[in-house]
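Visitor: I would like the entire structure built from these sequences, with the hints used as guidance.
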Amino acid sequence: MVERRYDKNKFEPWRDPAAKPYVSIDRVTKKFGDFVAVNNVSLKIYQGEIFCLLGGSGCGKSTLLRMLAGFEAPSGGSICLDGQDLADTPPYERPINMMFQSYALFPHMSVEKNIAFGLKQEKLPRGEIASRVEEILGIVRLTEFARRMPHQLSGGQRQRVALARALVKRPKLLLLDEPLGALDRKLREHTQFELINIQEQLGVTFIVVTHDQEEAMTLASRIGVMNRGEIVQIGTPTEIYEFPTSKFVADFIGSVNMFEGRLVEDLPDRVRIQSDELGGVIHVDHGISAAPGAVVWAAIRPEKIDIRRTPPGSMAENCVRGVVKEIAYMGDMSVYLVKIDSGKTVRVTLPNIERLSDDERIVWDETVYLTWHPGSPVVVTQ
Amino acid sequence: MAANGASLRSLLGTGRAGPLWELFFRFGPPRWSNYIRSHWAGQRLVISVPYLWLLLFFLAPFLIVLKISFAEFAPLGRPPFESILRWSEEGALQIKLLFTSYSYLLHEPLYVSAWLYSLKVAAVSTVLCLIVAYPMAYAIARASPASRYVLLMLIILPFWTSFLLRVYAWIGLLKTDGVINNVLMGLGIIDAPLAMMNTSFAVYVGIVYSYLPFMILPLYANLEKHDLTLLEAAQDLGSGPVRSFFSITLPLSLPGIVAGSLLVFIPAVGEYVIPTLLGSTDQLMIATLLSDEFFRNRDWPRASAVAIAMLLLLVVPIMIFQHFQNRELKGNKR
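Chains A and B, in that order, give the protein sequences.
Numbering of the first sequence is given in this note's numbering, commencing with residue 1 and proceeding in unit increments.
Numbering of the second sequence is given in this note's numbering, commencing with residue 1 and proceeding in unit increments.
Hints in this document: simulated from the structure, not taken from any laboratory.
This one's a predicted model, so the numbers in the text were calculated from it and none came from an experiment.
The beta carbon of each residue, even a glycine, is placed where N, CA and C say it ideally should be.
A few of these clues could be false.
As the list claims (entries may be wrong) - Beta-carbon label-pair distances, calculated as ranges:
hint, chain 1, residue 1, chain 2, residue 2, range
1, A, 131, B, 127, 40 to 50 Å
2, A, 12, B, 142, 25 to 35 Å
3, A, 108, B, 315, 49 to 59 Å
4, A, 83, B, 142, 32 to 42 Å
5, B, 228, A, 291, 52 to 62 Å
6, B, 57, A, 134, 40 to 50 Å
What the hints assert, rightly or not - Pulled from the structure, derived: some chain A residues nowhere near chain B, Cβ distances all over 10 Å:
hint, residue
7, 13
8, 97
9, 107
10, 197
11, 304
Guide: In structure tokens:
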């Protein structure tokens, strides 16, 4: 039985103003010549978190991680861990360990020696090294592979060796660079949960860098979405997915239908958006902060749109007619690409709850009506 | 005949007999055109050409030298040895193998000391080469790709001049009124010229200078392949730069060190030109002795025995070299 150090449902230190951040990254900037890789990033990460830095390639997430590890020096700003400024600490003296994307296992050392390497640098007594290696091998379930060489292991086993090697040092902070990137799909899913389990068991704070939103969503307590060297949004996976604050985030996480429009009615509890792109009015049942008449975007997730054959009672708002142009059957769900009257293509996904007979099923070139609940759209202003 | 064939077949074993035997027992005498087409196409043909070359120009001469080394010295003969095969008066074939040449090598202190001196010179030169070459190879491997090729070019450049000329040039540098002595005396660092020519020092300088590229190139080839994230990982795990070098870079470059060392050591043991031109006359290396036996004493059997002994003693390091090379190949498969 895994002993949990934190109650998952109540673990939200970032909502507590009195909580002391464990890692605080304060206005950190990194320039390579003229290129600004990381631009004025500030982040507060709390003990016991799995914080994911999510972004496309070249967004600066890896540079930020390398600055935490000490391989790059910030051009400006400061990084503190547990109240201690890390600026003058070389990588080999930081209480931080990293799991490299390529795993970087030492090819001339056995699994055992790879894991013991970090402990040997601390000049621990031999007996303690042996017992700690033994213990961590048990946690990552590699006890019987202790004497193998890295090239004799599978990808998943190598990944676990890399994890064990970083964890055995009992770091205050573990950095993981695309930890599951090299694994195949089935193994990934399994490993994700295993990683969370190990993290909970040991209570180490994780910072994970990934470009894979699915990986970020399953692992993270919070996600920081990065774009062009800046953090564009920080939030729990739910917040990021359900309440993106910008077009970029809405578009980057999952897929989304974006309708440009003009704010025509702006009340504290509801807004209406006239959208030419949609060819109708979008009614949203929550207020937003934008001036009337401003250009805004309404983002609606494909799974929040309903597809039906008959027109709804009122076509006035949150409804549009279209023709099915593409259907992709994915097994657990189906994706429909519907060309609406304005000419825009809207993506709709429906779970395949029932097995439908051929004439019940929506088919190609069929005229359909798309509707959604006023709670579904998210309005973003940038 | 059939029974004979079957027993032969079982003797050879079906699996190991090879395609020629298989075909012979299955279809009678081989149809060569088919055989060549099916088994000798491409790969084998390509491999066989260099092997044929080695057979003709290495193995055959080696066997001739081996034969001469067992023959009896005949100072007035032409060639100066007696054939080991001879028809006796009764018409029987006599084979006369003499080990005198070999036993002479072991009992004559001149040979033993020349041998030991050769080994010492080769070993010390190899170590010196390694000490000089490792930092150079490391620096080239870590240089930017553009400057890397310029630096490598500079290493290879001396090969464009004749080896003999380059060694001769050292005479001009090292001799009593040579460049080095004149410069040092001109600067007032020394009062009397240093005796550098015809010393062991000159031999070391010559060998290290000449063989340095053979050490640098394999080391570079190895170091250039290193995954630098391994060093970052070592640092991350608490190992400083110096310890990381000794625990990661050095062990991983071992195949390069071995390859380079053997490429220097093996030819250095048998080096003839450098000790002849730069070395002293009272401390001989084995190759000089060999040439003296051959050209001055015209004792072909003894010269051959020296050559064979030299070869046998070098086979051991070559086999070590092969072992490490195989290990590196296996390691790279990963």
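Visitor: Decide, hint by hint, whether the structure agrees.
Guide: Checked hints:
no.	hint	verdict
1	A/131 to B/127: 40 to 50 Å	holds, 41 Å
2	A/12 to B/142: 25 to 35 Å	violated, 47 Å
3	A/108 to B/315: 49 to 59 Å	violated, 28 Å
4	A/83 to B/142: 32 to 42 Å	holds, 37 Å
5	B/228 to A/291: 52 to 62 Å	holds, 53 Å
6	B/57 to A/134: 40 to 50 Å	violated, 59 Å
7	13	holds, 27 Å
8	97	violated, 6 Å
9	107	violated, 7 Å
10	197	holds, 24 Å
11	304	holds, 43 Å
Consistency with the previously given hints fails for numbers 2, 3, 6, 8, 9, ordered from lowest to highest.
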